[in-house]
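Following the hints, complete the assembly by docking chains H, X and D onto the known chain P.
There are 4 protein chains.
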Amino acid sequence: MVVVMAADATDEDADNVAGLVRAAGGEAFVSRGVSRTIIGLSGDIDHFATLNLPAQPGVCDVVRISVPYKLVSREHHRERSVIRVAGVPIGPDTLTVIAGPCAVETPEQTLRSALMAKAAGASLLRGGAYKPRSSPYAFQGLGEKGLRILADVRDETGLPIVTEVVDPADVDLVAAYADMLQVGTRNMQNFPLLQAVGGAGKPVMLKRGMSATVEEWLMAAEYIAQRGNLDIVLCERGIRTFEKATRNTLDISAVPVAQRLSHLPVIVDPSHSGGRRDLVLPLSRAAIAVGADGIIVDVHPHPETALCDGPQALIESDLRELASVALHLSPLVGRTLTPAPAPVPSMSPALA
Amino acid sequence: MVVVMAADATDEDADNVAGLVRAAGGEAFVSRGVSRTIIGLSGDIDHFATLNLPAQPGVCDVVRISVPYKLVSREHHRERSVIRVAGVPIGPDTLTVIAGPCAVETPEQTLRSALMAKAAGASLLRGGAYKPRSSPYAFQGLGEKGLRILADVRDETGLPIVTEVVDPADVDLVAAYADMLQVGTRNMQNFPLLQAVGGAGKPVMLKRGMSATVEEWLMAAEYIAQRGNLDIVLCERGIRTFEKATRNTLDISAVPVAQRLSHLPVIVDPSHSGGRRDLVLPLSRAAIAVGADGIIVDVHPHPETALCDGPQALIESDLRELASVALHLSPLVGRTLTPAPAPVPSMSPALA
Amino acid sequence: MVVVMAADATDEDADNVAGLVRAAGGEAFVSRGVSRTIIGLSGDIDHFATLNLPAQPGVCDVVRISVPYKLVSREHHRERSVIRVAGVPIGPDTLTVIAGPCAVETPEQTLRSALMAKAAGASLLRGGAYKPRSSPYAFQGLGEKGLRILADVRDETGLPIVTEVVDPADVDLVAAYADMLQVGTRNMQNFPLLQAVGGAGKPVMLKRGMSATVEEWLMAAEYIAQRGNLDIVLCERGIRTFEKATRNTLDISAVPVAQRLSHLPVIVDPSHSGGRRDLVLPLSRAAIAVGADGIIVDVHPHPETALCDGPQALIESDLRELASVALHLSPLVGRTLTPAPAPVPSMSPALA
Amino acid sequence: MVVVMAADATDEDADNVAGLVRAAGGEAFVSRGVSRTIIGLSGDIDHFATLNLPAQPGVCDVVRISVPYKLVSREHHRERSVIRVAGVPIGPDTLTVIAGPCAVETPEQTLRSALMAKAAGASLLRGGAYKPRSSPYAFQGLGEKGLRILADVRDETGLPIVTEVVDPADVDLVAAYADMLQVGTRNMQNFPLLQAVGGAGKPVMLKRGMSATVEEWLMAAEYIAQRGNLDIVLCERGIRTFEKATRNTLDISAVPVAQRLSHLPVIVDPSHSGGRRDLVLPLSRAAIAVGADGIIVDVHPHPETALCDGPQALIESDLRELASVALHLSPLVGRTLTPAPAPVPSMSPALA
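Protein chains in written order, with our numbering: chain P, 1 to 352; chain H, 1 to 352; chain X, 1 to 352; chain D, 1 to 352.
Since the hints were made in silico from the structure, they are not lab data.
Please note that a few of the clues may not be correct.
Have a look at the derived ranges for each label pair, beta carbon to beta carbon [to be verified]:
| id | chain 1 | residue 1 | chain 2 | residue 2 | range |
| --- | --- | --- | --- | --- | --- |
| 1 | P | K70 | H | D44 | 44 to 54 angstroms |
| 2 | H | D44 | X | A138 | 37 to 47 angstroms |
| 3 | D | R84 | P | R78 | 42 to 52 angstroms |
| 4 | H | R78 | P | A169 | 46 to 56 angstroms |
| 5 | D | T10 | H | P92 | 25 to 35 angstroms |
| 6 | D | E27 | H | E75 | 27 to 37 angstroms |
| 7 | P | A169 | D | E27 | 55 to 65 angstroms |
| 8 | H | I315 | D | G143 | 48 to 58 angstroms |
From the three backbone atoms N, C-alpha and C, an ideal C-beta is built for every residue, glycine too.
Chain P on its own, in the form it takes in the complex:
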């Protein structure tokens, strides 16, 4: 942390700052230049925040020079992490495809979507039982009934399931069914929810807030980690900008940026970022090529009747191409496509 004094600050002003920091147990190095004095601080940065240095006399600016997150930072954990979702790895050596319907609607639609996901190269099934919707008049999801459908389809197909949770009060229920909990873009700074999933004992996929900086995203991950859960996968899904040709602007650079700052895996959602089916394949290729640890895509057997986000769902004819892209691009970035786990026969009753 560096304190920059104003051009007209006095020596007493600088001594005052140094004194406050030292009284708080830190070190302060005062450099008096021709036009300005600067003071370098070291010690317990978080504690310095309570000194309210920007409000001290003669202080012009306070510049933080270390990152405000610790557990998810790569600084003290050089090796990139591998997160396992019911055995399926997400990490630096693999490319993991997650696919499924935006919303669980019926057992048949979910099963067919899961089979489509497999055909597209997926090893994890996503599907929403609780849907955060901008309008109170839109379909809000099937709730626990949807979770049961997902569990049945997991038994049938072997694909572990990833599903969203939107209320801290629902975390235990959702965690009882899901293999991975998803925190959506609108909840990235829903701190009670972050704390709840931090204690749920299941891996978490944390979507980036649509107007969150990479630093805020990592701070949100830190909330989860601080509760003892470091099984976190970051998901870039597009940010809000002035451009309206796409639903959001996929921040493809955020993938290598976040991977450099954090040891956590980073995946990309090309469906929600573009919001258009014709962009899903190009953006999937870009995501794999940039070095993402995985992608998550919407598929739907009948997108024209989907209750949610139909226009961006892949259809049958796209699947083979996605699988081919995932298979052939992965080796060029030093990865292998994660295979789908086999269903466990005894666990798999006939699907109702």
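Relative to chain P, chains H, X and D alone:
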């Protein structure tokens, strides 16, 4: 709703769209132009959404031409609403000042802040007992202890209290103490929370999400209204843009825009939008002049030791000027400054 | 300037940086902390830029701590400047209204617009003869013929004229007619144009680029100033954000921010920022109340047939209200409304 | 174009609009719905703009349903174009790498950069002789001397040259040396410059404005095309957003979006978008994978002493990897890497 057909769409494509709409109980008017065909729809727009028209063959675009909110819309409720918070009005004929500390820290700090608020012309006291913070290592608020302090200070000063709630599970507890519930910017699309405050029986102040459009803000209000609570005050607090000279960019135009679209009162937070003490007075003047129904400002007796947002809090010497601004600008926009209610003597024990 | 060394930088790395700076004639103060070393620099900052310090081994970050503009900075010119346009002042003690049609179309339309401008309290006439338009198929302005119309109307009404120039090659021609040259938002970083108007001997109104930071805006002013022309008025006209309810987002905070950083006057364009007639009056009130040194508004006798920006032009019935706002709000911010100069009789031939 | 009437518009209002359109030679189709009337227009859309329909009584909104550009649109030119720069193709079947120093500094630095460019797989050399810089105190380029250096290096290496022009008055001079003219991001809406390069008889690379929508970008290309020059290559170079971890936010989706709307080639600048050397390779891979027709990258033999943008320039050790990426990724997207042309021996005197 208008469906725009692609340049190469066939007559069958247009007939298909019209047929789907009519089968769903709506009306469809097909206009065949030289270069394109367009189809005007009327009926139950929300139901049409399930037809997934953008995915139909030959459809180029679907343009919504009516707003997606109803209860908070001004279209069927021309007169602007007055919301009363424990008797204190917020509405088109008044200017209501809400002031207080960002966070409740101690009884003394809260009482002194309340007296500062009164000196600044405030008729409502704000103060946070539950603080949503970007870092898990930052001060998170005193919780229920903070609520009790607020209640004591209300007894002492007569100022009704406005305080934030961040978890649906806390809504009943907070509502037991507060006169108005605040939903913060990070929770504007926390739908379980919106639904919970919609059923809490207390007025709600809904801050605009930092990257929410005015339409999304009104949709969030609709969530609250749909649960039977129309006592909602909208609060503009700055949006996220590329400009970093201020913490957020105050969208001053959003005040008249939202007032034209909705009958709900709209107030402005000049403290959080600018993030700098020296901007609070100019932005307060701008907010009053543009026609806001109120302002909400941070005050703190010792901003240099504040546990939260000290750099933006007004101090003693600013208060008289704020009170003067509120008093003298109001009549120029056809309003009167809302007076502070008197304390009720019997309710006011000695403050510990 | 502060150089922050990486956590794993060596002493040699720090010595290398210090050596480079000293060899370049600067001073370097090395502070070795527990976790990091920082180096404070003083001397010729611009020269240090050629050392490419961010690329030196062990360097983590280079933080600039002084502003990159000098001539327009308030640091060495505490008193705010008054710019005079053919005698009409724009500065800290006055409120100057500039009004007129977006584009000059005919002598009659321009004269009627000028009379409307006067009725609205204006002391300067704006009008475009050269129009930068997004589409090559849109009306591009009358060119020199438009300048002659403006000059005739100036003779008739006494109002000095403000008009835009878009090509460095046109600067001399436009300066021969105009009392003040306008550089538009799309040209804020057209450096040859800035240099040309810097040498034209006429005051310049510099509109903020629609995606320019306040710092970039002041750097653009520095380009003009560096050519010897310090008669510059800054004009905030809205920035580009995600919000689409208004054409641009008026950054009202930029007014006090720029006034604090620079001694130049700052005015506001409420017409182009909102893009809607119904917002011009509220935003004008906000601009005056926030402390702007003036406003510039579109007026048009027949906005429904205007060749440019008709939907945002004020009409007859709005003028009295604008004049009243300008007159009554000014004293509350310590200003007086600048009166319109009288026409000089001998210069005023019959208008063709 | 669709005119949406207000809910309370009368039949006369709708008839008035229809009448205006028909009087202007267009067709108007009135659809009266239960809650609203809409009017579909066809004919000369540009002419309708002069009718100022949004200002007519009872009009709520006017929605454009066709694109405002023609010559660069893909609607009437389905096949994607191939642009040839001194024989080097940029188009749908190839991947063309353009590389070189941000600024031309010396003959040696430029020649060495050109050899680096070749090693990186480039077939075109970029280098700036005229540099638009935010600060008037920064290096502004060598001007014509820089152009002569570029021409010498072209003779030596065989690489055609791409260089920026910033002033309409310089276009003829620059075109006399360059094989392709570059219009930079700050000049994307410098209309006199666009018109000048439109008449210069050389291919043009048009960088996207940092806050321009894809539609505005295509409108800027239309300006060039309208002057008879359709040899235009679009270059995505990052847009301005709230995220500060990268210099700009590379809008990778803009590549397929622009390719769908326009027949012109689209390339990507991974150096300026990220602003960091460590991002150039990942973003280059992403650009190729998404389907860009080429990339343009900064290289510099001594980035630590570069006069411009050193921190983002590739160095020797990166080149082989870039060449390998370009070679091996291209076939996966159905392209071949464009080979560098051989130098023409007789034209190649010893470099001074």
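Evaluated hints:
Checked against the hint of 44 to 54 angstroms, the C-beta distance between K70 (chain P) and D44 (chain H) comes to roughly 53 angstroms, which is consistent with it. A C-beta distance of roughly 40 angstroms is found between D44 (chain H) and A138 (chain X), which places it inside the suggested range of 37 to 47 angstroms. The hinted range of 42 to 52 angstroms is satisfied by R84 (chain D) and R78 (chain P), whose Cβ atoms lie roughly 48 angstroms apart. Taken as a hint, the range 46 to 56 angstroms is violated for the pair R78 (chain H) and A169 (chain P), whose Cβ atoms sit roughly 39 angstroms apart.
The hinted window of 25 to 35 angstroms between T10 (chain D) and P92 (chain H) holds, with their beta carbons roughly 29 angstroms apart. The beta-carbon spacing between E27 (chain D) and E75 (chain H), approximately 31 angstroms, falls within the hinted interval of 27 to 37 angstroms. At about 58 angstroms, the beta-carbon gap between A169 (chain P) and E27 (chain D) stays in the expected band of 55 to 65 angstroms. In this structure the supplied range 48 to 58 angstroms holds for I315 (chain H) paired with G143 (chain D), their Cβ-Cβ distance being about 55 angstroms.
In this structure, only the earlier hint numbered 4 is contradicted, and the remaining ones agree with it.
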